[in-house]
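A.B. asks: Single-letter residue listing:
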Amino acid sequence: MLLIVLTIVFLVVRVLPGDPVLAVLGPKATPEERERMREQLGLDKPLHVQYFAYLAGIFSGDMGRSMIFGLRPVVYEIWDRFPATLELSIIASIIAAILGLTVGSLGVLSKKPQADVGSRLYGIISYSFFIPWLGIMLQIVLSVWFRLFPISGRIDPMMAPTRITGLYLIDSLLTTNLQALANASWHLFLPSLTLGIVMSGIYAKLGRTSFSEVIVQDHVLAARSRGLKEGTIFRDHILRNALVPLLTMMGLQFALLLGGTVLTETAFSWPGMGYLIYERILYRDYNTIQGILVFFALLVVFVNIIIDIIYAYVDPRIRF
Amino acid sequence: MIPIPRGSAQYFVYSGGALVAAAVAIALLAPFLTRFDPTVTVDSVLLPPSLVHPFGTNNLGYDMYSRALYGARVVLYIVFLSTSLSMVAGVALGLVSGYFGGYRDRILTIIMDSTYSFPDIVLAIAVSIALGPGIYNAAAAIAVVYIPTYFRMVRGQALTIREQNYVLAARMMGAKAYDIMIRYVLPTLVPVVVTVFTLNVTDAILTEAALSYLGLGVVPPTPDWGSDLRSGQVYLPSGYWWLVTIPGAMIMLLTIGFSLLGEGLSDLLNPRISRK
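Line order of the protein sequences matches chains A and B.
In case it helps, my numbering puts the first sequence at residues 1 to 320.
In case it helps, my numbering puts the second sequence at residues 1 to 276.
Simulated from the structure, these hints should not be mistaken for lab results.
Every clue listed holds true.
Taking beta-carbon pairs under 8 Å as the criterion, some of the chain A residues facing chain B (in silico):
id: 1; residue: Val5
id: 2; residue: Pro132
id: 3; residue: Ile136
id: 4; residue: Ile140
id: 5; residue: Ile151
id: 6; residue: Ile281
id: 7; residue: Val300
Per label pair, the in silico range of CB-to-CB distance:
id: 8; chain 1: B; residue 1: Val52; chain 2: A; residue 2: Pro31; range: 54 to 64 Å
id: 9; chain 1: A; residue 1: Leu2; chain 2: B; residue 2: Asp179; range: 37 to 47 Å
id: 10; chain 1: A; residue 1: Glu32; chain 2: B; residue 2: Val52; range: 53 to 63 Å
id: 11; chain 1: A; residue 1: Ile170; chain 2: B; residue 2: Thr188; range: 51 to 61 Å
id: 12; chain 1: B; residue 1: Ala169; chain 2: A; residue 2: Thr248; range: 34 to 44 Å
Quick look at which bits of chain A chain B covers, simulated, 3 or more residues with Cβ under 8 Å:
id: 13; stretch: 118–128
id: 14; stretch: 261–271
Positions of the beta carbon are idealized from the N, C-alpha and C atoms, including for glycine.
The following block holds chain A by itself, in its conformation from the complex (with noise of 0.2 Å):
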């Protein structure tokens, strides 16, 4: 499956139209120019012998080269960028869950009809928003108007903190740079609220399901008639059992959030990968999207595998 994977991008990359090397040197480039960087790029051998060094490439951790900027490896710009969208995305997901669960939760709970439509709305609702719209309105209202925020960026120049992990907030706080941190964690509350509210909408149709198939099983009418508090019921009965389902449908949901993670970051020109894959877009830089694509590949099938054995972690029943 990975094989297939890996296949289709190679297939999708390589019907690109337009001539990289011409659009890299410029058409002012001698036509000896041009064979020497087809050359350097291996773009002049035929495709299948082009395929078979790109899969034996990737199993040794090799993407090639970037078709621009002095033919930097790939694999270095993709590690330059990662963080950014690992940071994103994570506490993205965090508000998502919470926000979301919240609400998905509570919709149930009340067993009031009114409060289970209003959940199932705000479902609806938050994910219906185009996510750099958002991403402009909340600039507008909050950095244009109040100046609260930053409009774009990760961090002000010269502030970031010495690389450990590439997750500003870690590194800053390991250094026990907390200028650093609080200039971070200010660049980041609007990307992450948006890209978090838009997922939340996900987490609150989830939570809902999971949570409704919960609350009428048998043990947690049997705890209710033993007396237990509503607290210890929601607690140790609902709260654990709904959160189960929960887990492989965050590993799917995984695949849209770094799909989310592209159109933040080019609304708020994040410096991660997928506002990388839209600079190089316009560069037509082959080797370098092509990189990114897989990459954004193997990480979900990664993600998926993860989930999979915390489930069995999690669910004693289920064993592989």
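Since the structure of chain A is provided, determine the placement of chain B on it from the hints.
C.D. replies: Chain B only, in chain A's frame:
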């Protein structure tokens, strides 16, 4: 599942249907609702909303009101084309895969599952870079992304229905596979496919807007909400709010309309099938 409050499904369908109908009406009647051509400089640049230009003008002096109206045409056209295309392809492939099984099923399933490893938008970006910009290419890119959605669902249904007695009876009487699929299997799929179609339109609208926003789908001067949002965003720090507010609000109203319609229909048509 908790019981759905009586009437809320109908309410969802009515309100969603009203929004969708309004969008279709706007798209069809655009020339009667505005006297401005959306792709022509009609006034000074960057005028704020006024009586003549209810949504102001953009950096080229185009009337944003007429662009908002004609934008509905473009997005509905693309989305209708692409979702129909993925529905036809997905249903056909799903039927073949589920009904015949065997090697055809294995090959198709593995290809469809692989495309699921890509985020929607990322796959659409990849295909649309390959095809280039333009209305039809955007439609094709979006169509490719959503084929697996139909495929998976139809395949699952076809697998169960294939074993039903009436299908076995038809096969024993010597009906051809093609006839069985069209006459016996396909009609049972209609409610599910209709629901998925409406919900799928929501995603397709957002993907279309995303492609245009990233400069890949519909390119200016064709009026499109996604690309208007992109070009308006440049003027955001100077406070020209109307350039970005309107196109995005239009996208949102349309997606909410289809979501409500889809949610309501899924409650009414498939009460037993809970959402994924």
